[in-house]
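Residue 948, in the UniProt record's numbering, is where the sequence shown stops; the numbers in between run on with no holes.
Bear in mind the hints are in silico, worked out from the structure with no lab data behind them.
Any given hint might turn out to be false.
Derived DSSO-like pairs: lysine-lysine, alpha-carbon spacing no greater than 30 Å straight-line [as the list claims (entries may be wrong)]:
(1) Lys673 <-> Lys886
(2) Lys739 <-> Lys667
(3) Lys155 <-> Lys113
(4) Lys806 <-> Lys255
(5) Lys213 <-> Lys155
(6) Lys190 <-> Lys130
(7) Lys176 <-> Lys149
(8) Lys656 <-> Lys636
(9) Lys285 <-> Lys303
(10) Lys841 <-> Lys806
(11) Lys806 <-> Lys285
(12) Lys841 <-> Lys791
(13) Lys295 <-> Lys285
(14) Lys886 <-> Lys841
(15) Lys791 <-> Lys673
(16) Lys625 <-> Lys673
(17) Lys190 <-> Lys113
(18) Lys74 <-> Lys185
(19) Lys185 <-> Lys285
(20) Lys74 <-> Lys190
(21) Lys255 <-> Lys303
(22) Lys667 <-> Lys625
(23) Lys636 <-> Lys739
(24) Lys255 <-> Lys841
(25) Lys190 <-> Lys155
(26) Lys176 <-> Lys190
(27) Lys625 <-> Lys739
(28) Lys636 <-> Lys625
(29) Lys636 <-> Lys673
Computed spacing ranges between beta-carbons, pair by pair [unchecked claim]:
(30) Ser671 <-> Arg896: 38 to 48 Å
(31) Gly127 <-> Ser236: 40 to 50 Å
(32) Tyr804 <-> Thr218: 43 to 53 Å
(33) Asn120 <-> Ala934: 20 to 30 Å
(34) Asp476 <-> Pro516: 31 to 41 Å
(35) Glu73 <-> Arg869: 49 to 59 Å
(36) Lys285 <-> Glu73: 48 to 58 Å
Beta carbons are placed, not taken as given, at the ideal position from N, Cα and C, and that holds for glycine.
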Amino acid sequence: VCVCLKLVPTLKSSTLCDVCSQFQFTPAQYENQLSDTLTLLPSQRLFRCFCQNYITACSCQHGRWEEVSIMDEKNIPIRTYQVCNVLEPNQNNWLRTDWIPRSGAQRVYVEVKFTLRDCNSLPGVTGTCKETFNLYYHESNEDRESYIKESSFIKVDTVAADESFTQVDVGDRIMKLNTEVRDVKVTTRKGFYLAFQDVGACIALVSVRVFYKTCPLTVRNLATFPDTITGADTSSLVEVRGSCVNQSEEREEPKMYCGADGEWLVPIGGCLCNPGYEERGGACKACPAGFYKAKSTDPGCAKCPPHSHSLRDGATICDCHAGFFRADTDPPSMACTQPPSAPQQLISVVNETSVVLEWTPPHRLGGRSDTSYSLECLICQTGSHICVPCASDVLFSPGQTGLKATRVVVSELRAHTHYTFIVHARNGVSQASGAGAAQSVSVSVTTNQAAPSPVSSIQATDVTRHSLSLSWQQPDRPNGVILEYEVKFYEKDQRERSYRIMRTFSRSVDVTGLNPLTVYVFHVRARTAAGYGEFSAPFEFSTNSDPFPLIGEGVNSAFLLLSVSGVGILLLISAAVFIISRRRSKYSKTKQDSEEEKHLNPGVKIYVDPFTYEDPDQAIHEFAKEIDVSSIHIEKVIGMGEFGEVCSGRLRVQGKREIYVAIKSLKAGYSDKQRRDFLSEASIMGQFDHPNIIRLEGLWVSVLTCLPVSAIVPFQKHDGQFTVIQLVGMLRGIASGMKYLSDMNYVHRDLAARNILVNSNLVCKVSDFGLSRVLEDDPEATGTYLSPGGKIPIRWTAPEAIAYRKFTTASDVWSYGIVMWEVVSYGERPYWDMNNQDVIKAIEEGYRLPAPMDCPVVLHQLMLDCWERDRAERPTFSQILNMLDKLIRNPGTLRRTGGERYLQCMNMCVPEWSLCEWLQSIGLERYRDTLAAAGYTSLDSLLALTHQ
Numbered sequence: 001v002c003v004c005l006k007l008v009p010t011l012k013s014s015t016l017c018d019v020c021s022q023f024q025f026t027p028a029q030y031e032n033q034l035s036d037t038l039t040l041l042p043s044q045r046l047f048r049c050f051c052q053n054y055i056t057a058c059s060c061q062h063g064r065w066e067e068v069s070i071m072d073e074k075n076i077p078i079r080t081y082q083v084c085n086v087l088e089p090n091q092n093n094w095l096r097t098d099w100i101p102r103s104g105a106q107r108v109y110v111e112v113k114f115t116l117r118d119c120n121s122l123p124g125v126t127g128t129c130k131e132t133f134n135l136y137y138h139e140s141n142e143d144r145e146s147y148i149k150e151s152s153f154i155k156v157d158t159v160a161a162d163e164s165f166t167q168v169d170v171g172d173r174i175m176k177l178n179t180e181v182r183d184v185k186v187t188t189r190k191g192f193y194l195a196f197q198d199v200g201a202c203i204a205l206v207s208v209r210v211f212y213k214t215c216p217l218t219v220r221n222l223a224t225f226p227d228t229i230t231g232a233d234t235s236s237l238v239e240v241r242g243s244c245v246n247q248s249e250e251r252e253e254p255k256m257y258c259g260a261d262g263e264w265l266v267p268i269g270g271c272l273c274n275p276g277y278e279e280r281g282g283a284c285k286a287c288p289a290g291f292y293k294a295k296s297t298d299p300g301c302a303k304c305p306p307h308s309h310s311l312r313d314g315a316t317i318c319d320c321h322a323g324f325f326r327a328d329t330d331p332p333s334m335a336c337t338q339p340p341s342a343p344q345q346l347i348s349v350v351n352e353t354s355v356v357l358e359w360t361p362p363h364r365l366g367g368r369s370d371t372s373y374s375l376e377c378l379i380c381q382t383g384s385h386i387c388v389p390c391a392s393d394v395l396f397s398p399g400q401t402g403l404k405a406t407r408v409v410v411s412e413l414r415a416h417t418h419y420t421f422i423v424h425a426r427n428g429v430s431q432a433s434g435a436g437a438a439q440s441v442s443v444s445v446t447t448n449q450a451a452p453s454p455v456s457s458i459q460a461t462d463v464t465r466h467s468l469s470l471s472w473q474q475p476d477r478p479n480g481v482i483l484e485y486e487v488k489f490y491e492k493d494q495r496e497r498s499y500r501i502m503r504t505f506s507r508s509v510d511v512t513g514l515n516p517l518t519v520y521v522f523h524v525r526a527r528t529a530a531g532y533g534e535f536s537a538p539f540e541f542s543t544n545s546d547p548f549p550l551i552g553e554g555v556n557s558a559f560l561l562l563s564v565s566g567v568g569i570l571l572l573i574s575a576a577v578f579i580i581s582r583r584r585s586k587y588s589k590t591k592q593d594s595e596e597e598k599h600l601n602p603g604v605k606i607y608v609d610p611f612t613y614e615d616p617d618q619a620i621h622e623f624a625k626e627i628d629v630s631s632i633h634i635e636k637v638i639g640m641g642e643f644g645e646v647c648s649g650r651l652r653v654q655g656k657r658e659i660y661v662a663i664k665s666l667k668a669g670y671s672d673k674q675r676r677d678f679l680s681e682a683s684i685m686g687q688f689d690h691p692n693i694i695r696l697e698g699l700w701v702s703v704l705t706c707l708p709v710s711a712i713v714p715f716q717k718h719d720g721q722f723t724v725i726q727l728v729g730m731l732r733g734i735a736s737g738m739k740y741l742s743d744m745n746y747v748h749r750d751l752a753a754r755n756i757l758v759n760s761n762l763v764c765k766v767s768d769f770g771l772s773r774v775l776e777d778d779p780e781a782t783g784t785y786l787s788p789g790g791k792i793p794i795r796w797t798a799p800e801a802i803a804y805r806k807f808t809t810a811s812d813v814w815s816y817g818i819v820m821w822e823v824v825s826y827g828e829r830p831y832w833d834m835n836n837q838d839v840i841k842a843i844e845e846g847y848r849l850p851a852p853m854d855c856p857v858v859l860h861q862l863m864l865d866c867w868e869r870d871r872a873e874r875p876t877f878s879q880i881l882n883m884l885d886k887l888i889r890n891p892g893t894l895r896r897t898g899g900e901r902y903l904q905c906m907n908m909c910v911p912e913w914s915l916c917e918w919l920q921s922i923g924l925e926r927y928r929d930t931l932a933a934a935g936y937t938s939l940d941s942l943l944a945l946t947h948q
């Protein structure tokens, strides 16, 4: 345009639109007229430039968008839509797209690239030229609407240019493209139209790109997640269930969430490769020959163990080589083994009717460590191969089967009998098919002469006052001919100190010369040529035929009953005295321990649970003060609590300034339990005195029905945007209050941003000690679920507290980390739209909340420390407080965030903070002059300041 104006002197300062009117060109003939008029132009390129811009200018005169070709900065022609009617006011020029199918998208994005003329570079257009245009959309189910009313379109936004061009810019061939992106929620119809409204700007649309975002097809934890369209809202998450890849099975239902920005979030669950397959490159591949995988939970394919092989791909177990076996209980990873060889060097030692057998282990154990031995006992006829198993009364020590030791004592054998003992060696594969019989070794022995076994029973007959007759059976194993029996007896009271012996050839004897009404003890043994056997067990008989009388002659049964009852009563009295003395001793010890604890920790105030008081009024009088009703002025109702209305008002105590307070009341018609809970929970607050803990000013009780029992706490509110330093200062206040509570051995259990009150000076106060509880029935609405011990705020609660209801100061630290995330993200809901069960699973699998936008790295790292799985690894509130103090004293550490682009911007654009700027950022600029007068003029100089 500039070149054309220079080469046409008659135009001088006229605008291009004036040129159109001067030559009286119409849209149908201006190209030919231009060719005739500009024949003297020395360059065809200048002619193209003039025509192109001339057409643009003239088209604007007709008040509509025109499709025009222009040259970009690389001299490549591009098609544009242009409008430039800037002389007349109240322009309303529309450009509409064709019908665009929605294709399942719920939110579409419109990227517009355009150039815009600077109104200041156009003379004579003041008040009529604009530098913006409007973007509209209209939803429709079909492409049949040839004409759509302007009122049917919905406005998306007014679009302005970041950079505009002037006449000089065009002459220098500089194209200043602007790129703007707007998003539109489209969910009700099958498609939509876009429209661009010109209100009086000189603008050219270079390109319009319409797109929607998807989370791309991906494989995570061996589960395939399809290409998924993002949700309708910018903060919504779309839950997607994955499907296991080929040759895999579900370990736990695989799920992920598709975020609004097209990124996959929070993978939960997953799949495992089937037996015979392992994970390689996100897929399950068959184990090659020579490898195997027995279970899906195995980490991968393993090489076949020794003495085994696999000849095909995808083996789940390796086959044993010939001559080698695997027991049913052997794992597939165990080498194939063989049965053991026979035991070696079997030695026998005969001792009358017992035999000691010893041997050494087999030469070949077969590669196993579970070798055991068993004995087989046979009685064989001399000079014959006929053998029968030994009787069941033969004893084997330590046993007959399943032996690990290589020595056995066999006893209770018959004398003068020929025995054969066979020792078998076995291991886990001895019973396997094809393994063959167990290997064994045998030895034959003959027992010697032996003494008879003891007599098993004795009977007494013909009992008189001075004599009795005894009889017995032959021993079970006489081991020869019985030559005689020996009877030993004595009075029971003498305990074998004085005994007598009688001998007889028969199996009976008459014993005389006994004392009347006396109990005697008798033993009998037999003798053969090998000697005497052992005496029998003792048998007791009385000369009055009553061996053990319970009630003697002349004993009165009534007296006996009375005696037994008296003994029982005496035992009950003794037990009662013992229990009372133990309780008194325990009480004394508890009191002593308490006094010792106070002595060891002087000055430390310990929280007292008000529920230990039988009467809640006693706890109230001890921990809270009563306020005169005349000191309270109620202004308005601000909400509803669990117990009743919550009001705001003012408290004026004599001698103190008036303060704003919140008044929580107990509604009329309350039950005794509600009153007890209300007063007990107020007693909790009454024990706390810290600037970062909500303070209980007192309680007042009104006789009026409209003013029931009420608790008064300070009330303030504050709205505004905060700097990072201010946020850290708020977090420090919360940590200071929690340190105070933990030092008092108090566990909050419900630490969350919703329970933090902020006053006008940005001082944070920890609140909600049970005075206001969530009572909704829907767990998802409150972030809690009902367990046997009560509701738990899942998103803020540590894993051990959810699983085992173990609430400690360490679980409060976990909750504090969530509060940090809430504060830095300006109130974003933790874990977004995930349900409680998915939150629990995600935490168990190690997922932690990501850093909020522009969150300093040191703050997010502190959050991650608070979310350590092992509660012993989490920092204490004292350590958290020290860390935050260091960050406030050294604010430079808060500048580094997780984004590299943000870092570059900070390095290029943000200078070092001055002392004044730092004080202003934390709301303490009023101390600037005081610090300067004391010589503190820089941030470095502040490091010398102490807490005092």
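Check your understanding: In ascending order, which of the hints set out earlier in this document are inconsistent with the structure?
Key -> Result: hints 1, 2, 6, 7, 11, 14, 18, 19, 20, 21, 23, 26, 30, 32 and 33 break, sorted rising.
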